[in-house]
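Student: The sequence shown begins at 16 in our numbering and counts up one residue at a time.
Among these hints, one or two may not hold up.
[As the list claims (entries may be wrong)] Straight-line distance between alpha carbons at most 20 Å, and here's what the computed EDC-like set of lysine to aspartate or glutamate pairs gives:
hint: 1; residue 1: K33; residue 2: D81
hint: 2; residue 1: K63; residue 2: E87
hint: 3; residue 1: K63; residue 2: E100
hint: 4; residue 1: K63; residue 2: E18
hint: 5; residue 1: K63; residue 2: D29
hint: 6; residue 1: K33; residue 2: D95
hint: 7; residue 1: K63; residue 2: E120
hint: 8; residue 1: K63; residue 2: D95
hint: 9; residue 1: K33; residue 2: E18
hint: 10; residue 1: K33; residue 2: E100
hint: 11; residue 1: K33; residue 2: E71
hint: 12; residue 1: K33; residue 2: E70
No wet-lab data here; the hints were simulated from the structure.
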Amino acid sequence: MTEPAWLTVLTTTDSEEKAHLLAQGAVEARLAACAQISAPVTSVYRWKNAIETTEEWQVLFKTRADRYDELEAHLVEAHDYETPEIIATPVVRGSARYLAWVTAETASAAAL
């Protein structure tokens, strides 16, 4: 089985403003072609031996698989969570025109 060429990458944060900053930074750095911010979701999780319930914003990035390591490093650096959620899901199919756009918009600065 071949590796996917594109990914969607999900993270969460605790404010709309922080979600916008994460999205803007990744797109400006060409690490993602776009980022979609979802309205607040309620997250329930175990953290440091306690059950937490918080309101978070999800950010879904569209990128090339070969840009994942750079995107992850960017999110870890830009994020204020001790252990941010960063989950990549392969894109197994998609519109050829859309995926070509994602490819073009995530070209490294050296390739431009």
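Student: Now look at each hint and say whether the structure bears it out.
Tutor: Verification of the supplied hints:
1. K33 - D81: violated (25 Å)
2. K63 - E87: With Cα atoms ~24 Å apart, K63 and E87 exceed 20 Å; violated.
3. K63 - E100: This hinted pair holds, its Cα atoms lying about 16 Å apart.
4. K63 - E18: Given pair K63, E18 is violated - Cα atoms ~35 Å apart, limit 20 Å.
5. K63 - D29: holds (18 Å)
6. K33 - D95: Given that 20 Å is the threshold and the Cα spacing comes to 9 Å, the pair holds.
7. K63 - E120: Answer violated: K63 to E120 is near 39 Å, above 20 Å.
8. K63 - D95: Roughly 17 Å separates the two Cα atoms, so the pair holds.
9. K33 - E18: Status violated; Cα separation ~31 Å.
10. K33 - E100: OK: K33 and E100 at ~14 Å, within 20 Å.
11. K33 - E71: holds (10 Å)
12. K33 - E70: holds (13 Å)
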